[in-house]
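> From first to last, the protein sequence lines are chains A and B. The opening residue of the first sequence carries number 1 in my numbering; numbering runs sequentially from there. The opening residue of the second sequence carries number 1 in my numbering; numbering runs sequentially from there.
These are calculated hints, taken from the structure and not from any lab test.
Each pair of labels, with its calculated beta carbon distance range:
id: 1; chain 1: A; residue 1: Tyr362; chain 2: B; residue 2: Leu9; range: 57 to 63 angstroms
id: 2; chain 1: A; residue 1: Gln567; chain 2: B; residue 2: Phe12; range: 56 to 62 angstroms
id: 3; chain 1: A; residue 1: Ile369; chain 2: B; residue 2: Asn32; range: 42 to 48 angstroms
id: 4; chain 1: A; residue 1: Ile369; chain 2: B; residue 2: Val16; range: 44 to 50 angstroms
id: 5; chain 1: B; residue 1: Asn32; chain 2: A; residue 2: Phe493; range: 37 to 43 angstroms
To give an idea of the chain B side of the interface with chain A (calculated C-beta under 7 angstroms), a few residues:
id: 6; residue: Phe18
id: 7; residue: Tyr19
id: 8; residue: Ser22
id: 9; residue: Tyr23
id: 10; residue: Trp26
The following residues of chain A were derived to be distant from chain B, with all beta-carbon distances above 12 angstroms:
id: 11; residue: Arg88
id: 12; residue: Asp243
id: 13; residue: Pro396
Glycine included, each C-beta is placed from N, C-alpha and C at the ideal position.
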Amino acid sequence: MDIKKRIKNLLFFHEPQMEKPFILKEDSSSDGRDNSDIEKNKEGSRKKKNEDLLLLKKLEKIKLTDKKEGSDKEEKPDISKQLSENKRVIEERFSIPLNGDLIIRKFDITVKDSVIAAFLIFFDGLVDTKVINDDILQPLMLLSNLDIKSDGENILNYIRSHILPHNQLKEARTHQEVIDEVYFGGCGLYIDGLDTAFTADVKEFPGRSVERPNNELVIRGPQEGFTESLRSNTGLIRKRLMDQKLITENIIIGRRSRTPCSIMYVKDIANDSLVAEVRRRLKSIEVDHIMDTGELEQFIEDDPSLPTPQVMATERPDRVCSMLTEGRVAIVMHGSPFVLVVPVTSNDIMYSAEDQYLRFPYSNLLRIIRILALLMSLLLPAIFLAITNYHHEMIPTDLLLAILSAREKVPFPSVVEVFLMEISFELIREAGIRIPGPIGPTLGIIGALILGQAAVEANIVSPILIIVVAVTGLGSFAIPNFSAGFAFRILRFGFIILSAISGFLGITVGLVLMGLWMVNAKSFGVPFVSPVAPRTSGGFSDAVLKSPVWKQEKRPDYMNAKKGRKQPHISRRWINRDVDSNKSDSEDNNG
Amino acid sequence: MIPVEYIVLIAFLLCVAFYTVSYGIWIWKKRNRLGAVMIFLVAIIAVILPIYILIFREV
Numbered sequence: 001m002d003i004k005k006r007i008k009n010l011l012f013f014h015e016p017q018m019e020k021p022f023i024l025k026e027d028s029s030s031d032g033r034d035n036s037d038i039e040k041n042k043e044g045s046r047k048k049k050n051e052d053l054l055l056l057k058k059l060e061k062i063k064l065t066d067k068k069e070g071s072d073k074e075e076k077p078d079i080s081k082q083l084s085e086n087k088r089v090i091e092e093r094f095s096i097p098l099n100g101d102l103i104i105r106k107f108d109i110t111v112k113d114s115v116i117a118a119f120l121i122f123f124d125g126l127v128d129t130k131v132i133n134d135d136i137l138q139p140l141m142l143l144s145n146l147d148i149k150s151d152g153e154n155i156l157n158y159i160r161s162h163i164l165p166h167n168q169l170k171e172a173r174t175h176q177e178v179i180d181e182v183y184f185g186g187c188g189l190y191i192d193g194l195d196t197a198f199t200a201d202v203k204e205f206p207g208r209s210v211e212r213p214n215n216e217l218v219i220r221g222p223q224e225g226f227t228e229s230l231r232s233n234t235g236l237i238r239k240r241l242m243d244q245k246l247i248t249e250n251i252i253i254g255r256r257s258r259t260p261c262s263i264m265y266v267k268d269i270a271n272d273s274l275v276a277e278v279r280r281r282l283k284s285i286e287v288d289h290i291m292d293t294g295e296l297e298q299f300i301e302d303d304p305s306l307p308t309p310q311v312m313a314t315e316r317p318d319r320v321c322s323m324l325t326e327g328r329v330a331i332v333m334h335g336s337p338f339v340l341v342v343p344v345t346s347n348d349i350m351y352s353a354e355d356q357y358l359r360f361p362y363s364n365l366l367r368i369i370r371i372l373a374l375l376m377s378l379l380l381p382a383i384f385l386a387i388t389n390y391h392h393e394m395i396p397t398d399l400l401l402a403i404l405s406a407r408e409k410v411p412f413p414s415v416v417e418v419f420l421m422e423i424s425f426e427l428i429r430e431a432g433i434r435i436p437g438p439i440g441p442t443l444g445i446i447g448a449l450i451l452g453q454a455a456v457e458a459n460i461v462s463p464i465l466i467i468v469v470a471v472t473g474l475g476s477f478a479i480p481n482f483s484a485g486f487a488f489r490i491l492r493f494g495f496i497i498l499s500a501i502s503g504f505l506g507i508t509v510g511l512v513l514m515g516l517w518m519v520n521a522k523s524f525g526v527p528f529v530s531p532v533a534p535r536t537s538g539g540f541s542d543a544v545l546k547s548p549v550w551k552q553e554k555r556p557d558y559m560n561a562k563k564g565r566k567q568p569h570i571s572r573r574w575i576n577r578d579v580d581s582n583k584s585d586s587e588d589n590n591g
Numbered sequence: 001m002i003p004v005e006y007i008v009l010i011a012f013l014l015c016v017a018f019y020t021v022s023y024g025i026w027i028w029k030k031r032n033r034l035g036a037v038m039i040f041l042v043a044i045i046a047v048i049l050p051i052y053i054l055i056f057r058e059v
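Given only the sequences and the hints, what does the whole structure look like? Please build it.
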């Protein structure tokens, strides 16, 4: 019976049971294209409207389920009116007295003849003690004999409106809310007789200040990088993008680490279904601890088997802002100096932030060099193997003879030689990073030089291979995205094996397989190789090569942003001498 | 007389074609008629062409 079933499974096609993957479709409220385009497509518009309606319904469903999930997770108010009961709960939750750095400051608020007991909790080392003393304890303890009515509601209002001058005072109905705030550098205030606690933001985290980004250095452009502080990072983004539609949603990830995260997007540009999908994926993560966006990236990416990254991790606020204006969504995480941006395409991982700041001929030259670097990093050792082993006719006879004479004394087959050198190169690179201080890079260079020279003299490898491996290494360093560099390094070994087996045929098979893999991949519903495959319409002019900034009129079509156009057809309005500079720009605006 | 290895190869091809046809039927039910027709065509060619080359073509 079992065999019969197996044979049946082998011979008949079965419908895949997996859930439909998320696909980013056009937003129902988007203008999508130019007005002129819409006029041209009047016939198709009716069909589109129906599709939009369907999408809208789906979107509402998603929102409803989101709300439902949210309401399910919402905890019931559990703060007691008894101060002693609240203190007991807090001591239990924070493992007091075992926990040494949690401060519980008990004090009294004197009101006319009576005394109301209260206590304040905060973590030593996470808060600004001066703010606690001056803005919280001092008013509460010294402003006594106030005309406070006896019922709880009025005490709450009075303290909030008249006594506590702190600028970020929140009311909490559950202990968990207070605990989350306390862990994020806040303080919690419990007052006897009130079933509501106050939380105030008094954070002062120990951490580094804003510095230059280490991995994404540019010559032209801003020199600020993200830090490990969530609010500092969201502030760096807001500082650049003063758009009133820029939204920052807060989410907590990790059952134990309770790591605060923020989703940032421009409300009237980003596709609603994309934002809902990001929110859904983040909220659905069930994990104890999460420390960095590197971990988070692995939790939310579409296809873990794809070698290339499907999420952009950047430490440059200007880059995040530029991507937000294209309709993407940023995920900022407390404790990580890298911000994730989704969705991402293969082009994005080949761009540097500097591309936007340089004049277009310069950045195009850099992009072409980077594409060549990618090809060299991926294929050069494989091509070398294919030519020397299988396709001698492809190179001039003199060069072939030179290669063969250099290899004459080498006892290994060329594939062993290539592997030996590639592994040595990776070893030097890894060791160079791990060696502390400034010795690392120096030792790496010296190691490479000495090793290379010695290996050639010992007839272990041929000199031409040293050149091939060095150029390959340089190529891999020219790829701007760190994770993508890793991907191409791994794939390079695959291509070397394929080339050793069957020369250019193997390389071609590898390229076809890699192409299929990439074309099939999606990053948050956006095809990974767009706008090349599938080729998207519209005048997006920052695809492989870029046009001048004043010609970059549209947002990427594959983003399906609510507003497709980012600047009018003629953005340099000064070229028209009739245009009055005082005239409102609303006529030609993108809307 | 057809060699045994040819028979094995043809049997394998027939299995592949059978699977492809079953996929074509699924696609047909999903109302992708053109896709289904092309898949049937591919299945037929995938059987007929190798058989023709293996058995009937004189080298």
